[in-house]
Amino acid sequence: MKRRATAAILIALIAACGGSEPAMTEEEAIAQVEHHIHDAATQLHPPPRLEPLRPLDIPCVDRYDQATGQFRVERDYWLRDIPTEDNQDIFNTLHHYWTTQNYEIKHDIREEPNARFLEAQHEGFSISVQESTNGMLRLVAQSPCVWTAESPDQR
Amino acid sequence: MSSGRADSYSSIDVTGLRGVIEDLEQSAGLMDRTLPGLRRDFEFFGVDTANLTKLSNGYRELTTVVEELWERHNRAEVLLADYEGRGLAGADSIVRFPGDLLDGDHHVTHEIHHQDGRTPGDVHTWWEGLTDTERAYAISYYPDTVGSLNGVPIAARDQANRRVIMQEYTRMSERLAELEAGAPIDFYPDEPNPLPFYLDEGEHLKERLGGLDVIIERLDDQPGRPRAYLIDISTDGLGRAVVSIGNPDEADNVATYIPGTGSRLSDGLATDIRRTDRMLEAADRFAPESTTSLIMWLGYDAPQDVFAEAPSPSLADKASDNVRNFQEALRTTHLKGRSHNTLLGHSYGSTVIGRAAREGDIHVDNLVFIASPGVGVGHVSDLGIDPDRVFATRAKWDLIKATPRNILGPQPTGGGFGATHFRSDNSNPLAGHSDYWESQLARRNLAYIIIGWHDEVN
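Heads up: the sequence lines are chains L and H, in that order.
Read left to right, the first sequence gives residues 1 to 155 (my numbering).
Read left to right, the second sequence gives residues 1 to 458 (my numbering).
Treat the hints loosely; a few may be bogus.
Far from chain L, some chain H residues (derived; all Cβ distances over 12 Å) [claimed, not checked]:
| no. | residue |
| --- | --- |
| 1 | Asp13 |
| 2 | Leu24 |
| 3 | Gly29 |
| 4 | Val123 |
| 5 | Asp132 |
| 6 | Gln167 |
| 7 | Ala177 |
| 8 | Gly202 |
| 9 | Ile273 |
| 10 | Asp365 |
Taking lysine-lysine and the DSBU-like style, the derived pairs with C-alpha atoms no more than 30 Å apart in a straight line are [as the list claims (entries may be wrong)]:
| no. | chain 1 | residue 1 | chain 2 | residue 2 |
| --- | --- | --- | --- | --- |
| 11 | H | Lys336 | H | Lys206 |
| 12 | H | Lys401 | L | Lys106 |
| 13 | L | Lys106 | H | Lys396 |
Note that these hints are calculated values from the structure, not bench results.
Please read these numbers as outputs of a predicted model, since none were measured by experiment.
Glycine included, C-beta positions come from ideal geometry on N, C-alpha and C.
The whole structure should be built from the sequences, with the hints applied where relevant.
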């Protein structure tokens, strides 16, 4: 019982100190996510054709793994019409671009052929370029937790 | 009872027939008990045993007849229930039907009741020996048994369990409506029920129905969405649910995800099923040239309270046989050679798979411990698989790391354990125990393990 009370106090303290994420609608989150992807794609030459993949948002949970009802909006696009030989250059270009735009580079795995991965973060959104085992590339962007059409009614 | 040709009507008094069969069973039981003693005595005193042999043959004949009569009874009972459902039954227990009730499939009924407890290999051999008609009969008349049998191909289990889930949904909805019709007025409808759910039948029904809703929604075929298969379902107790995205019998890579503390058949399964979908999606996108199937396996009673139940390994130990049996069944029913199989456990789910692997052949290529409080062994070499194929991760903010090692054993992310560590996210202090599917890097790493690109796991 004492441990339970301690845990509850700890969570309350973390919640109080952590601040709240910006209030954002689902539409705003989608617009931002799309913006990050298209903005990154325009940095590449030749410009890729963006082919959307089935969107499937991610349920947000609390630290006890209980769903909060919010979701991270995520969008995922294949980068078509680009030669795989250019993959290393594409990763370097995006690393340079995101760095100069003051994005925080979270994970940088650019040195593993056919398994490259680069993820950056900006104002609660994350954007990554990911390489498949056959050399195909994807741009993936994700929002912070927001209420969406999938959220239960008692938001 | 009377029976006739296919073009004439026959009838059976279901209650009367049951009485006759029970009397015959008593006689058979008496013969079964006395014949061995008689044979011993006859042989001891040198008496001719010819008559005794006739009696033994009669006993065997009688048991065959009893089996056939039970089959007729069971089928008549199904017909009677059908009549009652359609308001066609009279006040008695007599059913009328055209032709003969037995059409050649009756041995299936007898056999199906003997599959429980057999190995997946034996069950599979039996199933493969049935004709298509016999399989269809088994699925129609015994969906709950076929649906839960490890060794029956996944497509057939899915067919059976889709019947079971709809039957259960109807039964529970009707019972809930009955309870609500007779319930006293709730003066505080917005207040939570003060009783624990398991003490209140109505709350129990609502919670299970919430879980069934989530599963039924995912089973619904939609364009662009991978097909889901229902591999097991039960509403007893905390409930049981095994849902696969993609058919594991046909996939190159098969991964089974076991959720942890707090999991039960409720609407909370939506999160676990979404995680399963996301892991499949990641595997498909990282390896477009191979096929993958992802299974959400809630085939055990998970602890419901992080403080009262989760610190004990007893529920994990109870799940061990089921875990191994299920993994063996995946190997048995797989169609295209040997698939690359992975078993992932989150939180207490990792304790379940660790302890199962410790006790016997776990039948997988990789074990993945996600946010593990301890897996019952101190070193990868005690898990019975290639030590290089044991992976572990824990996010920076995950409080699970505070679990003392004397409760569930050392944590697999510890230095001396010997597992291959992979990175997940470290950015969200409020979701530390569950950040493993939100993180793009963690999903990439899980995908690489599942598709067998182990060297690229980071």
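Results of checking the hints against the structure:
{"no.": "1", "hint": "Asp13", "in the structure": "holds (53 Å)"}
{"no.": "2", "hint": "Leu24", "in the structure": "holds (56 Å)"}
{"no.": "3", "hint": "Gly29", "in the structure": "holds (53 Å)"}
{"no.": "4", "hint": "Val123", "in the structure": "holds (34 Å)"}
{"no.": "5", "hint": "Asp132", "in the structure": "holds (35 Å)"}
{"no.": "6", "hint": "Gln167", "in the structure": "holds (27 Å)"}
{"no.": "7", "hint": "Ala177", "in the structure": "holds (22 Å)"}
{"no.": "8", "hint": "Gly202", "in the structure": "holds (19 Å)"}
{"no.": "9", "hint": "Ile273", "in the structure": "violated (10 Å)"}
{"no.": "10", "hint": "Asp365", "in the structure": "holds (17 Å)"}
{"no.": "11", "hint": "H/Lys336 / H/Lys206", "in the structure": "violated (41 Å)"}
{"no.": "12", "hint": "H/Lys401 / L/Lys106", "in the structure": "holds (23 Å)"}
{"no.": "13", "hint": "L/Lys106 / H/Lys396", "in the structure": "holds (14 Å)"}
Going down the numbered hints, you'll see the structure goes against 9 and 11, while the others check out.
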